[in-house]
Structures are given as structure tokens and as C-alpha cells.
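Chains A and B are the protein sequences, given in the same order.
Take the first sequence: its position 120, counting from 1, is numbered 120 in the working numbering, and each next residue is one higher.
Convert by adding 346 to the 1-based position in the second sequence; the result is the number in the working numbering.
Read the hints as simulated data drawn from the structure, not as lab findings.
Even glycine gets a Cβ: it sits at the ideal position worked out from N, Cα and C.
Fair warning: there could be bad hints in the mix.
In silico DSS-like pairs for lysine-lysine, Cα to Cα no more than 27 Å straight-line [to be verified]:
{"hint": "1", "chain 1": "A", "residue 1": "Lys18", "chain 2": "B", "residue 2": "Lys432"}
{"hint": "2", "chain 1": "A", "residue 1": "Lys267", "chain 2": "A", "residue 2": "Lys177"}
{"hint": "3", "chain 1": "A", "residue 1": "Lys18", "chain 2": "B", "residue 2": "Lys401"}
{"hint": "4", "chain 1": "B", "residue 1": "Lys404", "chain 2": "A", "residue 2": "Lys131"}
{"hint": "5", "chain 1": "A", "residue 1": "Lys173", "chain 2": "B", "residue 2": "Lys404"}
{"hint": "6", "chain 1": "B", "residue 1": "Lys460", "chain 2": "A", "residue 2": "Lys105"}
{"hint": "7", "chain 1": "A", "residue 1": "Lys335", "chain 2": "A", "residue 2": "Lys345"}
{"hint": "8", "chain 1": "A", "residue 1": "Lys204", "chain 2": "A", "residue 2": "Lys177"}
{"hint": "9", "chain 1": "A", "residue 1": "Lys40", "chain 2": "B", "residue 2": "Lys434"}
{"hint": "10", "chain 1": "B", "residue 1": "Lys458", "chain 2": "B", "residue 2": "Lys434"}
{"hint": "11", "chain 1": "B", "residue 1": "Lys460", "chain 2": "A", "residue 2": "Lys175"}
{"hint": "12", "chain 1": "A", "residue 1": "Lys40", "chain 2": "B", "residue 2": "Lys458"}
{"hint": "13", "chain 1": "B", "residue 1": "Lys412", "chain 2": "B", "residue 2": "Lys434"}
{"hint": "14", "chain 1": "B", "residue 1": "Lys434", "chain 2": "B", "residue 2": "Lys460"}
{"hint": "15", "chain 1": "B", "residue 1": "Lys432", "chain 2": "B", "residue 2": "Lys460"}
{"hint": "16", "chain 1": "A", "residue 1": "Lys18", "chain 2": "A", "residue 2": "Lys193"}
{"hint": "17", "chain 1": "B", "residue 1": "Lys458", "chain 2": "B", "residue 2": "Lys416"}
{"hint": "18", "chain 1": "B", "residue 1": "Lys454", "chain 2": "B", "residue 2": "Lys412"}
{"hint": "19", "chain 1": "B", "residue 1": "Lys432", "chain 2": "B", "residue 2": "Lys401"}
{"hint": "20", "chain 1": "B", "residue 1": "Lys460", "chain 2": "B", "residue 2": "Lys412"}
{"hint": "21", "chain 1": "A", "residue 1": "Lys193", "chain 2": "A", "residue 2": "Lys105"}
{"hint": "22", "chain 1": "A", "residue 1": "Lys105", "chain 2": "A", "residue 2": "Lys177"}
{"hint": "23", "chain 1": "A", "residue 1": "Lys71", "chain 2": "B", "residue 2": "Lys434"}
{"hint": "24", "chain 1": "A", "residue 1": "Lys71", "chain 2": "B", "residue 2": "Lys460"}
{"hint": "25", "chain 1": "A", "residue 1": "Lys335", "chain 2": "A", "residue 2": "Lys231"}
{"hint": "26", "chain 1": "A", "residue 1": "Lys21", "chain 2": "B", "residue 2": "Lys434"}
{"hint": "27", "chain 1": "B", "residue 1": "Lys416", "chain 2": "B", "residue 2": "Lys460"}
{"hint": "28", "chain 1": "A", "residue 1": "Lys231", "chain 2": "A", "residue 2": "Lys145"}
{"hint": "29", "chain 1": "A", "residue 1": "Lys18", "chain 2": "B", "residue 2": "Lys408"}
{"hint": "30", "chain 1": "B", "residue 1": "Lys401", "chain 2": "B", "residue 2": "Lys412"}
{"hint": "31", "chain 1": "A", "residue 1": "Lys231", "chain 2": "A", "residue 2": "Lys175"}
{"hint": "32", "chain 1": "B", "residue 1": "Lys404", "chain 2": "A", "residue 2": "Lys11"}
{"hint": "33", "chain 1": "B", "residue 1": "Lys408", "chain 2": "A", "residue 2": "Lys21"}
{"hint": "34", "chain 1": "B", "residue 1": "Lys412", "chain 2": "A", "residue 2": "Lys18"}
{"hint": "35", "chain 1": "B", "residue 1": "Lys454", "chain 2": "A", "residue 2": "Lys40"}
{"hint": "36", "chain 1": "A", "residue 1": "Lys105", "chain 2": "A", "residue 2": "Lys71"}
Over 10 Å on every C-beta distance to chain B, these chain A residues come out as not near it, computed from the model [to be verified]:
{"hint": "37", "residue": "Leu84"}
{"hint": "38", "residue": "Gly85"}
{"hint": "39", "residue": "Ser341"}
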Amino acid sequence: MLSDQRAMLTKYAYIQTKRLKVLHHFFDERIDYPRDLRFKSAIYDFELTRIFSLIEDENIRFHEEIYMTHKYIHLVKTLDEFYLGTKYLIIEVEDSGAWRGEIWKNIIGYGLISFLIFMLFGLYLAKLFLKPMRDSILLLDRFIKDTTHELNTPLSAILANIEMMDTDVMVEKNKRKLSRINIAAKTVSVLYKDLTYLTLEQEKTNHDEVIDIRELVYDRAEYFSSLAQSKHLEYNLDLEDATITIDRRKFTRVIDNLISNAIKYNKRHGTVGIELKERMLVIWDTGIGLNEEAIPFMFDRYIRFNNAEGGFGVGLSIVKSIVDEYDISIEVKSKEGEGTSMVLKW
Amino acid sequence: MVKPVLLAVLLISGASTQLSSSDAYERYCVECHRELPTSLQRMFMRYLLVYGGEKNVKAGLKHYLKYPLKEISVMSDLFIDNYGIKQKTTLNDTQIDEVLDIYWERFKVIDKLK
């Protein structure tokens with residue numbers, strides 16, 4: 001390495017200085033300049049006048065302590081006592097270049113080690129800082145997982161019994177009450193399905209099949225009709241025949257979440273529109289809408305922009321994960337106070 | 347015929363200049379130093395050791411010749427104790443410069459090493 005070369009050159013300079021000292025005392029009985037096979041040297045006086053030189057490269061950089069030219073390494077040693085009038089002693093050795101490879105090896109080696117150390121340290125710090133956030137997310141996940149297990153049986157019982165009830169014999173007042181129970185149960189049911197999807201079903205293998213979207217949309221729109229009626233919403237359906245190859249369970253989650261959002265965040269007496277064309281599905285509403293800055297974050301899990309409605313903020317994150325899985329593009333057009341339109345294209 | 351005459355004149359004038367210069371050095375320096383144990387050569391080497399370059403050496407010498415002081419002498423204490431400090435020079439600047447030029451040329455190291 002260059003520092004080794006420097007040490008060696010300094011040693012040579014020391015040896016040559018001693019020889020110059022001797023020659024100074026015996027000058028001019030002795031006039032033979034001291035030579036050495038290991039290096040070449042030159043001496044210059046205070047005014048940079050050459051006193052004697054054996055070196056090959058005479059372009060000396062007097063203000064640098066050590067420097068390299070293309071073939072040689074030079075050390076410029078400044079003497080405190082000017083033997084033979086020498087202020088600058090130049091030591092020159094040939095540069096074999098072997099030390100450069102050594103330097104590169106060391107740079108790469110130590111660089112990699114430092115990089116790894118810093119990376120590990122960074123990872124440790126990141127983990128340390130993110131731990132509280134991760135803990136709270138894990139806690140929420142665990143809570144949801146535990147709760148959903150306990151929800152299934154009573155929810156199924158409620159929905160099944162509502163379906164079985166004979167409404168013809170009921171008075172109008174009770175019919176309305178039953179309808180409200182039905183809406184509440186279906187809302188909880190959608191939430192339950194989202195949560196079980198997130199915690200239990202997400203990892204299940206897909207059973208892709210060709211789905212008649214028109215039929216599915218009709219079915220799900222009808223399912224949510226009681227919810228829509230409660231807000232006096234009307235459906236505007238424009239459905240052409242279209243199919244898609246997808247896991248039915250997953251596509252149902254997408255449709256359910258988009259329709260239930262369109263209902264939940266709609267104004268009373270508003271409209272929920274569903275437009276189906278070949279390779280495109282649009283679900284729009286005339287609801288509260290979102291401002292543009294919120295749109296990029298609306299698919300994040302646990303993000304909710306309106307606390308007036310219930311929910312965990314997981315619906316759209318599920319939608320996003322499913323459409324991403326099937327390479328379906330989702331575009332959000334929203335204007336505050338006017339409504340939101342979700343456009344799926346595949 | 348003109349050329350040999352011109353050559354002779356030049357040679358004579360050159361030789362005479364050299365003779366007068368040598369004389370100046372011999373006359374103003376060697377005369378007194380002859381009696382000292384340290385040669386002018388050794389003194390020159392002492393100046394060289396302390397001052398380094400031609401201009402520095404000449405400037406140092408000139409200053410010492412004009413204002414001799416024990417404190418600025420390059421000679422050893424032993425030498426000064428035995429032989430004292432020289433008298434202040436009576437030479438003018440031109441004469442000093444002239445003898446110093448000769449002194450430098452005679453004992454300089456440059457071009458003498460092999």
C-alpha cells in the first residue's frame with residue numbers, strides 16, 4: 001500500500017541524509033554523490049536550484065510530500081540542516097503498481113464489511129422504532145381474529161331466522177323492525193366476511209372459474225337492497241353481459257365492498273349506479289366524495305376518512321389486494337360533495 | 347589580420363578581469379584568513395549548512411561582514427572564544443558583492459559532485 005511505500009521511502013531518505021551529512025563534512029576531498037541500488041535521489045537547494053540529480057522524472061512537485069507519476073513514486077524530504085546546501089532531498093522509486101490491487105481489495109473488503117454492519121445496525125434501529133407500531137397492528141389483528149371466530153354462529157342464526165320469518169302475518173310496524181334487524185345483520189355479515197377473509201381465508205388457494213358478472217352483481221345488489229332502502233337510495237343499473245375468470249369468493253368481496261361503500265357513504269335519496277360492460281365495471285355513488293389528497297391513501301388498511309359510518313377500514317385494502325392479484329386496474333374518481341366512482345378494468 | 351588582433355584583445359581583457367577579480371578575493375579575504383586554523387572552504391561549508399542556497403549564503407555573509415556579531419556567526423563558540431569576532435568590513439557593497447561572487451564560484455557544490 002502507499003503508506004508502506006511512504007514508510008520505505010522515508011527510511012531511504014533518512015539513509016541518504018546521513019550519507020549527505022558525511023559527504024558535507026568531507027567535501028571537497030570527496031565528491032562522489034552517494035548512490036543506492038534500491039532508489040534514486042536528487043538534491044535541490046533553498047532556491048530550488050538542482051545541486052545533483054540521479055532521478056528519471058525531473059518534474060518535481062516540491063510542495064507535495066509524496067506523489068506519483070505514471071512510473072515512479074517520489075518522496076520530497078525537507079532537510080533542517082542543509083548538507084551540501086540541500087534543502088530538498090528527492091527519493092524516487094519505481095512504482096510496481098502491486099499495492100494498488102491491494103488497496104482495491106481492502107477498499108472492497110472493508111467497504112462490504114462496513115456496509116453490512118451499517119445495514120444490520122439500520123435494520124435493528126428500524127425494528128426498534130417500528131416495534132410500537134407493529135405491536136399495535138399485531139394486537140388489532142389478533143383481536144379481529146379472535147372476535148371473528150365468535151361471530152359466525154350467532155350471525156348465521158340471525159340471518160337464517162330473518163329469512164324464515166313469515167312477514168305476511170306481521171303488522172307493518174314489526175315488518176319495519178325486522179327490516180332494520182336484517183340491515184344491521186347484513187352489515188355485520190359483510191364486516192364479518194371481510195375480517196374472516198383477512199385473517200383466515202386470504203392464504204387459501206384460489207378456485208378460479210368463469211363468472212357471469214351480471215348475475216353476481218344483481219345478486220349482490222339485491223342482497224344490499226334493504227340497506228339501500230333504509231337510506232332511500234335508488235339503484236341505477238346498466239348491466240351488459242360480461243364474464244371474468246376469478247375466484248368467486250374473492251370477486252364477491254370486491255363487489256360487496258364497493259356496493260356497500262357506495263351505499264354507506266351516500267346521501268339520503270341518492271343513487272347507487274352500477275355499469276357493466278365487457279372488461280369494465282363501474283360502481284358510482286352520489287355521496288360525500290373524497291378530496292384528491294385522500295385518494296392515494298384510501299386503499300391502506302385501517303384508514304378511514306369518515307367516522308360517521310362503522311367499520312374497521314379494511315374493505316378497500318381487501319379490494320386492492322384482490323384486484324392487484326388478478327391484474328385488474330382500479331381507478332378512483334371522486335369529488336367532494338358530489339360522489340365517488342370506482343372503475344375496474346381487466 | 348583583424349580577427350587575430352581582436353581575439354588577442356579579448357583574451358587579454360578577459361584574463362586581466364579574472365586576475366583583478368582573483369586579486370580582490372585574495373586581497374580582501376585570503377590575506378587575513380590565512381592566519382586562521384579553519385580554511386575558507388570549511389567556513390563556506392558552514393555557511394552552506396546554515397543558509398542553503400546561493401542568494402541566502404551571499405546575503406548571510408554580506409550581513410555578517412557588515413555587522414559582525416557573535417550571535418549570528420556560523421562558527422563554533424570555541425573558535426570565536428579563541429579568535430574573536432572579525433572587524434566590521436571597510437569594503438563597500440560593490441566590493442563585497444564582487445568578492446562574494448568569487449567566493450561562491452570557488453567553493454560551491456553545484457556542478458562539482460560526480
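Hints, one by one, checked against the model:
1. This hinted pair does not check out: A/Lys18 and B/Lys432 have alpha carbons roughly 33 Å apart, beyond 27 Å.
2. With a C-alpha separation of about 22 Å, the suggested pairing of A/Lys267 with A/Lys177 holds against the 27 Å cut-off.
3. Restraint check for A/Lys18 and B/Lys401: satisfied, since their Cα atoms lie roughly 25 Å apart, inside the 27 Å limit.
4. Our distance criterion of 27 Å between C-alpha atoms is broken by B/Lys404 and A/Lys131, whose separation comes to about 79 Å.
5. For a cut-off of 27 Å, the pair hint linking A/Lys173 to B/Lys404 is broken: about 127 Å separates their Cα positions.
6. Between B/Lys460 and A/Lys105 the CA atoms are separated by roughly 44 Å; this puts the pair beyond 27 Å, and the hint is violated.
7. About 21 Å separates the Cα atoms of A/Lys335 and A/Lys345, which keeps this hinted pair within 27 Å; it holds.
8. Pair hint A/Lys204 plus A/Lys177 does not hold up; C-alpha atoms about 38 Å apart against a cutoff of 27 Å.
9. The suggested pairing of A/Lys40 with B/Lys434 is violated, with an alpha-carbon distance near 45 Å, which exceeds 27 Å.
10. Distance restraint check for B/Lys458 and B/Lys434: the Cα-Cα separation of roughly 32 Å exceeds the 27 Å cut-off, and the hinted pair is therefore not satisfied.
11. Annotation: proposed proximity of B/Lys460 to A/Lys175 is violated, straight-line Cα distance about 125 Å (limit 27 Å).
12. Between the alpha carbons of A/Lys40 and B/Lys458 the distance comes to roughly 19 Å, so the proposed pair stays at or under 27 Å and holds.
13. For the given pair, B/Lys412 sits about 6 Å from B/Lys434 by alpha-carbon distance, which is consistent with the 27 Å threshold.
14. For the given pair, B/Lys434 sits about 38 Å from B/Lys460 by alpha-carbon distance, which is inconsistent with the 27 Å threshold.
15. With a CA separation close to 35 Å, the supplied pair B/Lys432 and B/Lys460 exceeds the 27 Å bound.
16. Proposed proximity of A/Lys18 and A/Lys193 is contradicted: the alpha carbons are some 93 Å apart, above 27 Å.
17. Restraint check for B/Lys458 and B/Lys416: not satisfied, since their Cα atoms lie roughly 32 Å apart, outside the 27 Å limit.
18. Under the criterion of a C-alpha separation no larger than 27 Å, the hint pairing B/Lys454 with B/Lys412 is consistent with the structure, at around 22 Å.
19. The straight-line distance between the Cα atoms of B/Lys432 and B/Lys401 is roughly 22 Å, inside the 27 Å bound, and the hint therefore holds.
20. Taken as a hint, the B/Lys460 and B/Lys412 pair is broken in the structure, with Cα atoms around 36 Å apart against an allowance of 27 Å.
21. With a C-alpha separation of about 59 Å, the suggested pairing of A/Lys193 with A/Lys105 is violated against the 27 Å cut-off.
22. Restraint check: the Cα-Cα separation between A/Lys105 and A/Lys177 comes to about 81 Å, which exceeds 27 Å; the hinted pair is violated.
23. Taking the CA atoms of A/Lys71 and B/Lys434, the gap is near 54 Å; set against the 27 Å cutoff, the hint is violated.
24. A hinted pair counts as satisfied when its Cα atoms are at most 27 Å apart, and A/Lys71 with B/Lys460 qualifies at roughly 26 Å.
25. The suggested pairing of A/Lys335 with A/Lys231 holds, with an alpha-carbon distance near 21 Å, which does not exceed 27 Å.
26. Only pairs whose Cα atoms come within 27 Å are accepted, and A/Lys21 paired with B/Lys434 is rejected, the gap being roughly 32 Å.
27. Between B/Lys416 and B/Lys460 the CA atoms are separated by roughly 36 Å; this puts the pair beyond 27 Å, and the hint is violated.
28. For the proposed pair A/Lys231 and A/Lys145, the alpha carbon gap of about 31 Å is over 27 Å, so the pair is violated.
29. The suggested pairing of A/Lys18 with B/Lys408 is violated, with an alpha-carbon distance near 30 Å, which exceeds 27 Å.
30. A distance of roughly 16 Å separates the Cα atoms of B/Lys401 and B/Lys412; the hinted pair therefore holds under the 27 Å criterion.
31. For the proposed pair A/Lys231 and A/Lys175, the alpha carbon gap of about 17 Å is at most 27 Å, so the pair holds.
32. Under the criterion of a C-alpha separation no larger than 27 Å, the hint pairing B/Lys404 with A/Lys11 is inconsistent with the structure, at around 33 Å.
33. A distance of roughly 26 Å separates the Cα atoms of B/Lys408 and A/Lys21; the hinted pair therefore holds under the 27 Å criterion.
34. Of the supplied pair hints, the one linking B/Lys412 and A/Lys18 is violated, its CA atoms being roughly 34 Å apart against a limit of 27 Å.
35. The straight-line distance between the Cα atoms of B/Lys454 and A/Lys40 is roughly 23 Å, inside the 27 Å bound, and the hint therefore holds.
36. A C-alpha spacing of about 21 Å is found between A/Lys105 and A/Lys71, which places the hinted pair at or below 27 Å, so the restraint holds.
37. Listed as outside the interface, A/Leu84 is inconsistent with that label: its C-beta sits roughly 5 Å from the nearest C-beta of chain B, within the 10 Å cut-off.
38. Under the 10 Å C-beta cut-off, the non-interface status given to A/Gly85 relative to chain B is violated; the minimum distance is some 4 Å.
39. Against the 10 Å criterion, A/Ser341 stays outside the reach of chain B, whose nearest CB is about 90 Å from its own CB.
Checked against the numbered hints above, the structure breaks hints 1, 4, 5, 6, 8, 9, 10, 11, 14, 15, 16, 17, 20, 21, 22, 23, 26, 27, 28, 29, 32, 34, 37, 38 and satisfies the rest.
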